[in-house]
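Now for the letters of each chain:
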Amino acid sequence: MEIIQTPSASKHDVLTGLLALREKTPALENIFDAFSPLLKAQEDGRILLEKWSDFEIPEADALRFEQGVPILAGMDMPNLGNFFPEIFWTMTTALAKGMPAIADKVTAIIDALKDSDSLNELARSVWEEDNNAIEVFAKDANVDIAILTILGSLSLKPFMNRMKDEAAVEIENMFWNKGYCPICGCFPDMSLLKKQLTENAEYMAGHGGQRWMHCSCCDHQWRIKRNICPWCDSEDYKKLSYLQSEETKTERADICDTCKRYYVTIDTRDLTEMPDPRIAPLSLVHLDVKAQEEGYEPMAETLWNSL
Amino acid sequence: MPKAFFVDTSRCTACRGCQIACKEWHDLPTTATKQNGTHQNPPDLNASTYKLVRFSEHRIDGKVEWYFFPDQCRHCLDAPCLEVANGYVEGAVIQDKKTGAIIYTDRCKQLKEDECEEVTEACPYNVPRRNTGTGMMMKCDMCIDRQQAGLIPMCVKTCPTGTMNYGDRADMLAMAEKTLVKVKKEYPRASIVDAKDVNIVYLIQDTPERYYEFVTADNSAVGLPMSRKNFLAGMTKPAKRIFG
Chain A
7 MEIIQTPSAS KHDVLTGLLA LREKTPALEN IFDAFSPLLK AQEDGRILLE
57 KWSDFEIPEA DALRFEQGVP ILAGMDMPNL GNFFPEIFWT MTTALAKGMP
107 AIADKVTAII DALKDSDSLN ELARSVWEED NNAIEVFAKD ANVDIAILTI
157 LGSLSLKPFM NRMKDEAAVE IENMFWNKGY CPICGCFPDM SLLKKQLTEN
207 AEYMAGHGGQ RWMHCSCCDH QWRIKRNICP WCDSEDYKKL SYLQSEETKT
257 ERADICDTCK RYYVTIDTRD LTEMPDPRIA PLSLVHLDVK AQEEGYEPMA
307 ETLWNSL
Chain B
18 MPKAFFVDTS RCTACRGCQI ACKEWHDLPT TATKQNGTHQ NPPDLNASTY
68 KLVRFSEHRI DGKVEWYFFP DQCRHCLDAP CLEVANGYVE GAVIQDKKTG
118 AIIYTDRCKQ LKEDECEEVT EACPYNVPRR NTGTGMMMKC DMCIDRQQAG
168 LIPMCVKTCP TGTMNYGDRA DMLAMAEKTL VKVKKEYPRA SIVDAKDVNI
218 VYLIQDTPER YYEFVTADNS AVGLPMSRKN FLAGMTKPAK RIFG
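Just so you know, the protein sequences line up as chains A and B, in that order. Just so we're aligned, residue 7 is where the first sequence starts under the working numbering, counting upward by one. Just so we're aligned, residue 18 is where the second sequence starts under the working numbering, counting upward by one.
Isolated chain A (complex conformation) (with noise of 0.2 Å):
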């Protein structure tokens, strides 16, 4: 069985392909000026904690995984230390640097809570998704709470990649047919179609792509059936569709007239080089203002299609 696999680790770092597809899409060097900053503390923040290994991944249980239950799902947030601050504010940084529109807010965060040892607080409640303990937080501190999530969430994005590998080998031979993450549990920021040839084969070698989610919250990819909304299961080929521009007919936003959610792909079997799925995405935001146009929602929302 192989239907969960992490592929191996990008070849390039994400500044090197970040500058690639400026170069290569110069009409959105404004979205990779403002976003650069965050993904380049997205991997120091995973270099980082290479060191941390204070977690254990919970056994994984076959029957509850294969019903559709995250291996992660309902783990306690292990001790996070003093790697959670460091990488808070190194996001905290680069998001002033990326977007200076609300460079006075995360100011002000700074200002608030450059003295704080609660810090690790703030990660329990976001990882608890405690939003009440949250806004008691940004209350006591005199902050904006949207700013303050979005950079809790970003900086625990480094600790779910980090425990990825790991929880990846306790499932590697369950099988998985969700469109949400077996490992966290979050949604697809993004899909890849991929070319597999079958070594066996004695003679044709299939040229149908297979489709791989990635996990917008841990960079986990899996792979799913092709004609199934990863968000609501629909399988009703009327309402499966994509928007497709009439130049690139590589990329596309896959939609879903059942639940009105889209995510969008990359179909890689004819590209010369597989794309990075941590940056790639930033270079789709044209079909994200087409989707949401046509009144689809993401199915994970990332700072660049909901900002």
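Derived by calculation from the structure, the hints in this document are not laboratory data. Accuracy of the hints is not assured; some may be wrong.
[Stated by the list, open to error] With a straight-line cut-off of 20 Å between C-alpha atoms, the simulated DMTMM-like cross-links for lysine to aspartate or glutamate are:
#1 B:K174 to A:E300
#2 A:K255 to B:D113
#3 B:K195 to B:D162
#4 A:K30 to B:D113
#5 B:K213 to B:D95
#6 B:K174 to A:E279
[Unchecked claim] Here are the simulated distance ranges between beta carbons:
#7 A:E62 to B:T30: 49 to 55 Å
#8 A:M280 to B:I111: 50 to 56 Å
#9 A:T254 to B:L94: 29 to 35 Å
#10 A:T31 to B:T30: 36 to 42 Å
#11 B:D162 to A:D171: 37 to 43 Å
Just so we're clear, the structure is a prediction, and the values are computed from it rather than from any experiment. Note that CB positions come from ideal geometry on N, CA and C, so glycine has one too.
With chain A's structure known, arrange chain B on it following the hints.
Chain B only, in chain A's frame:
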């Protein structure tokens, strides 16, 4: 990182999809031909056929073996045709740094007919052909226009059997080595052709001469003290010195 093809001829069924797709993409005309007693059609590469599936039929140990070879420019790492052509007209042939593709530029038209013949002679794989109408030298350009747009070459896109593979050179060489181990179990004479010299790396399942004359550079060195390729590359050096 330079790009390469891995052409696994053990998977080729001679459907000629690559040959047709190449013509379609490059908008090349058909070639008048006739029945020659073989399915190989047209009989040879020409100025409007950059890719040709060659057929060769043998009876080996009482069993009929039919070998197919999708022939094309090998995009040599150190291309003799480039040396010869540029000896006469600087910039006639260039090597694209990003992909490693050997590209014939419009300046090839400035080459005289006999100089074009020298370019073809210099090729250890006997690939380039001259368009007698335009005077242009023609051959596979590795679909450089597609690659610059981030798309894989047309023959690779079309191949339905997994014969044509494209990717980073290191990955293609690794794929070739892995496949060779598998193919050798059934075809012990199988080998990888000239991998260290070219970017179009072929796996053949029998000895080169059972396919055709110019499968390997070394195979065409008949009567020469060194390989044909090295010999011809050496021949061009004085011309290079004279013409700059």
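Against which earlier hints does the structure fall short, listed by number upward?
1, 2, 3 and 8
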